[in-house]
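A.B. asks: Can you make the complete structure from the sequences, with help from the hints?
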Amino acid sequence: MKRFNNINQYKKFFERLIQFERKSEMEFHLNEIMLLSGREREAKGRALLNLSGKDAGTGIGGVYLVKLIRGSGLPDNEISNGDMVIISKEKPTGKEAQATVVSKTKRSITVAYNKTPPYLVYGRNLRLDLYANDITFQRMLDALESLEKLPNLQDFIKSNIELFHENENSKTKKLDIEFLNSKQQEIIHQALTTNDIFLIHGPPGTGKTTTLSYLIKSIVESGNKVLVTAPSNTAVDNILEKLHSLEIPSTRIGNPVRMDESLLNLSLDVQLQDQPEYQQANGIWNKIQVLKKEQEEYIPATGQNRRGLSDSKIIQLASSKKPYRGIQSSKLRKMAKWINLQQEINTNYEEAQALQEQAIESILEKSPVICTTNSSAGSELLKDIIFDVVCIDEATQSTEPEALIPLVKGRKWVLAGDHQQLPPTVKSKDASDLSISLFERFQAELPENRSNILTIQYRMHQEIMRFSNETFYQNRLKAHPRVSNHSLIDLPGFEPFPYVNPAIEGVVQASPAVVFIPCEDGIEEQLADSHSWFNMKEIALTKEITDALMSSRLFPDDIGIISPYDQQVSRLKSALRDYHIEIKSIDGFQGREKEVIIISLVRSNSDGNIGFLHDYRRLNVALTRAKRKLVIIGNPSTLQSNPIYKSLIENIFNP
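According to the working numbering, the residues represented by the sequence shown are 1 to 655, in order.
Simulated from the structure, these hints should not be mistaken for laboratory data.
No false leads were mixed into what you were given.
Label pairs and their computed distance ranges (CB to CB):
hint, residue 1, residue 2, range
1, K149, E365, 19 to 29 Å
2, S146, S245, 25 to 35 Å
3, E380, D547, 52 to 62 Å
4, K149, K322, 58 to 68 Å
5, E15, S641, 38 to 48 Å
6, M550, S530, 28 to 38 Å
7, S218, S362, 20 to 30 Å
The structure displayed is predicted, hence computed values, not measured ones.
We put the CB at the ideal spot given by N, CA and C, even for glycine.
C.D. replies: This is how it looks when you write it as structure tokens:
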């Protein structure tokens, strides 16, 4: 693992990786825009053509809303609320102003601009494209620069272990929280009595986020201010929901369209509505819109219209009612009127901004807990706030520079995650070192007293847990008694369907909890323009298994279907579209759970080639989503060429 002699070496190393990853991210979208026609990109769901734009007023915070309509209706697409997009008249160049999607209907999509939108968006024959956002990369670079002012954090990232010391208050009385097990309470005690940094290692189902939430509650009760972050909006909302249930006052920062609707009242944007200063600012924003509308009746004092004249000169000449240098007096008067209105707009804008900032500052100052994504922790809103403690949940899914964005804002740090599950997503091969999270590096380098592992899991039947426990967690996990032997038969109304194909009858029985369904005659297929794989025989088997489970009176919400390949996921969704069952990639299911999980592994060849299935962390995630029944479909001949899959299959058939 990489070691650093000084902070400059560290900064240069990660600046280089950030630039590689930034380049890869931008190139992906730009290359596709350049290589594909608008129709081809629309067919992939990443563009919308033939749109007409119209003004949709203003949104929260004074953003400019533009509604884009297609009379015939919008085609199926991947564009979602919160996505960054660009709008162009023809083929985009990548230099267009970015907008955020705020709502979608069958016939329209509404976007928000932070600044005045380009005039073309109010026209016809418009094209909207999914695009990349550069701001996170810039915030990573800013965080690296901030390290110069944080010698304590520098010591940790350089792994100067000799500087780490016990907190003098480490003998503080241990906690007694009724709802937590002894290990969770031990970890909270350790984190509270550590001066600097602590890692919470939370394997699947062990209550990592619950433990972190109770820790935050204890920190807040001691009068401290906490910044809570995670790499995704979903992960932020998960911990915010826990904090809210514990009645911990919290404020969520971020775009409301990316938040869970049930938590919107905790968002900064909604809390602002009750602030007198914000209400006053809103009135001024409305006044500005009226002034801008009035401005349209006059001639803009811009560009060639000015002919080098200053505002004061134009106003002076207009009052003389005489032409000047070929500019008619009527034009001078209209430009002067436009300038007067612009000056009024500017004055009102400054007043509205000041009032809005006062309202925001008031909320953030009073809130003991601020929740946001890692990237948004670098926003201007939090620029001048230093937190007593920074807590990052799902820290193992964050690249090291991304984790620094919130960390540089704190005096003490708590990271929670599991480095045996999915690593950070990295697009660039040149930036592959980013796949080692700061959590994983610290876990390997920090003293034992700076981390601890949660060991009681509350999700899986002990048979489902066994392989991952032995392979990834050195048998340290124990299934809680209430889940250790729970099965489908315990679910209300469940009754095994009697007419099931003998080859799959194990899926509707109480035992075994883990079932492997061989699919030796399946054929792996790949489209010419795709790197992904699908297997139609496994899709048919998945459908048959799902039918058997639902005929046994399981509800669709009890079942989850996952596969490592996007093409397989897409075809499974099509084959089971009327079943209303959640079907996702393995990556999309991390942090989720279902009573029954069906895994389709897809790969089937005589060469023993399993592609990226060899990533053991992805396998670990897949195996640990089920509560009562885990069904694995795959070709054993192909899979057993890999030692981990060979061990898995042997474990299932020889428990």
